[in-house]
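In order, the protein sequence lines correspond to chains A and B.
Here our numbering is used: the first residue of the first sequence is 1, the next is one more, and so on.
Here our numbering is used: the first residue of the second sequence is 1001, the next is one more, and so on.
Hints listed in this document are in silico derivations from the structure and should not be mistaken for laboratory results.
C-beta atoms are modelled at their ideal positions from N, C-alpha and C, and glycine is treated no differently.
Please note that a few of the clues may not be correct.
Stated by the list, open to error - Just a few of them, taken from the derived set where beta-carbon distance is under 8 Å, the chain A residues facing chain B:
{"no.": "1", "residue": "Asp166"}
{"no.": "2", "residue": "Val297"}
{"no.": "3", "residue": "Ala301"}
{"no.": "4", "residue": "Gly302"}
{"no.": "5", "residue": "Leu306"}
{"no.": "6", "residue": "Asp310"}
{"no.": "7", "residue": "Thr313"}
{"no.": "8", "residue": "Arg318"}
{"no.": "9", "residue": "His320"}
{"no.": "10", "residue": "Gln321"}
{"no.": "11", "residue": "Pro324"}
Unchecked claim - Residues on chain A that point at chain B, a partial pick, calculated with CB under 10 Å:
{"no.": "12", "residue": "Arg88"}
{"no.": "13", "residue": "Lys90"}
{"no.": "14", "residue": "Ala92"}
{"no.": "15", "residue": "Gly167"}
{"no.": "16", "residue": "Ser168"}
{"no.": "17", "residue": "Pro171"}
{"no.": "18", "residue": "Ala293"}
{"no.": "19", "residue": "Tyr296"}
{"no.": "20", "residue": "Ala300"}
{"no.": "21", "residue": "Ala303"}
{"no.": "22", "residue": "Asn305"}
{"no.": "23", "residue": "Leu312"}
{"no.": "24", "residue": "Arg314"}
{"no.": "25", "residue": "Ala316"}
{"no.": "26", "residue": "Leu319"}
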Amino acid sequence: MAWRKFLDLVRSDAARRGREERLLAEPMPGPTESADDTLELYFLCAHPSLSSASAVALTLRAVGGLTTRQIAAAYLIPEPTMAQRISRAKRAVSDVRFDRPGDLGTVLTTLYLVFNEGYSGDVDLAAEAIRLTRRLAAATDDVEVSGLLALMLLHHARRDARTRADGSLVPLAEQDRTRWRSDLIAEGVELLQAALARDTVGPYQAQAAIAALHADARTVEETDWVQIVEWYDELVALTDSPVVRLNRAVAVGQADGARAGLAALADVDPAVPRYRAAAAFLHEQDGDLVTAARFYVEAAAGAPNLAERDHLTRRAARLHQKIPRPKQPGGDTG
Amino acid sequence: MAKYLLLKHYRRSTRPDDLVAVPMDQWTPEEIDAHVGYMNDFAAKLEETGEFVDSQALSPEGTFVRYDGPGRPPVTDGPFAETKDLIAGWMIIDVDSYQRALELAGELSAAPGQSGEPIYEWLAIRPFLAEPPTVTECQASRAEACCGSSSPLCWASSSVAEPTSRRPRTPFRRL
Chain A
1 MAWRKFLDLV RSDAARRGRE ERLLAEPMPG PTESADDTLE LYFLCAHPSL
51 SSASAVALTL RAVGGLTTRQ IAAAYLIPEP TMAQRISRAK RAVSDVRFDR
101 PGDLGTVLTT LYLVFNEGYS GDVDLAAEAI RLTRRLAAAT DDVEVSGLLA
151 LMLLHHARRD ARTRADGSLV PLAEQDRTRW RSDLIAEGVE LLQAALARDT
201 VGPYQAQAAI AALHADARTV EETDWVQIVE WYDELVALTD SPVVRLNRAV
251 AVGQADGARA GLAALADVDP AVPRYRAAAA FLHEQDGDLV TAARFYVEAA
301 AGAPNLAERD HLTRRAARLH QKIPRPKQPG GDTG
Chain B
1001 MAKYLLLKHY RRSTRPDDLV AVPMDQWTPE EIDAHVGYMN DFAAKLEETG
1051 EFVDSQALSP EGTFVRYDGP GRPPVTDGPF AETKDLIAGW MIIDVDSYQR
1101 ALELAGELSA APGQSGEPIY EWLAIRPFLA EPPTVTECQA SRAEACCGSS
1151 SPLCWASSSV AEPTSRRPRT PFRRL
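Go ahead and model the full structure; you've got the sequences and the hints to work with.
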């Protein structure tokens, strides 16, 4: 409850004016030399001239200190292939000169990609991403770095509740929230509070705010969906991303009802990944089980991984059980 | 030890030409759970016996593609029709004998489907083309293992009148 009030405060003008005055009065702390070196390494390994795959591999090797074998195993790629990917990346950035500031954006994108990979064999890439982002946060006071770290902590805190032991997905409404790690949530919230207080909101902070609103709720019904929609509005304004618009439509469905959600969905490009899963969910909420089932079947066929595919297939199957079967033409049904 | 590919298709069922396999979204959630559980247990058992190499599921999406001539982009022909040949995924096993590969494929084919009944699904088994053996002169003690070498050390060549020709070397690397 306190967190939601804080977020409201953050967005009030009076508070903003007060903060501006305080910030102007404070001198900016200068980075230490070792922090400079650390930053340079991050910028080098995630250089914009590298592909995401190369930046990820080089960052994990040179910044993270993982062995080539560990990185190869984590990404299910043969070790010689990964070794080559890393060598080529090193050669590509070998003549980079730091005559202008490095691109923090690609560093954050790279760390976010690593985080999203999650568990893979012996390496917990989400934990590695958090570790590397913590180091980055110690080397710079950029507010979006804090935002990203907060986002990672708030997601990582809830990971155990998202999948069962057999790898199947647990929808938000069914997750056991006692399995959420309150220590990581508290840390993420504190980081986010400090970042938002500096009043330069960015996409990672906005995503973290949405995650914080979920983490703060005891049940899916108690979640402050109205405020989540407002943060999605902020994200849309910042990124203009079709994926964000899709997620916003689902949140609108929760805040204002399924019909409103479907209306919001109508403005989203149907080619966006997971569009059909979102459409299925909203139609199901709207009580149109036939349309929902059809969308679940289509979504399953287009699912990018087995866990999602099985989950969507199960949802379709569940609805098919509820829909009355049409009578067989010309024969008896008994 | 030899590697085999076990291929699963989206629509292949109790008869090779049949397309009657009922899509899983028409099963009950419990039947789906039983099927997925069986597949997971099967893979876990193979890891334990040291026979598991790989297992992948394929999206039904994708396309045919080919070269279209110099300076032209590749041409595509898709999406795939849902025929019996649409591959759903594979398992790669490394086993002691062909018999063992058949045995495992039989078990995989017995995964439960609707009403808990085994699906009796036709799978395809394909042997991997392996690396050539280190010893090219035949040291085999059995005729079945003879490679057709003309070396005087070869068991087979000492008992046949004519020299047998060398087996041609594969022109490309192991895939």
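State the violated hints by number, sorted upward, taking the hints as numbered earlier in the document.
Violated hints (numbers, rising): 11, 12, 13, 14, 17; every other hint is consistent with the structure.
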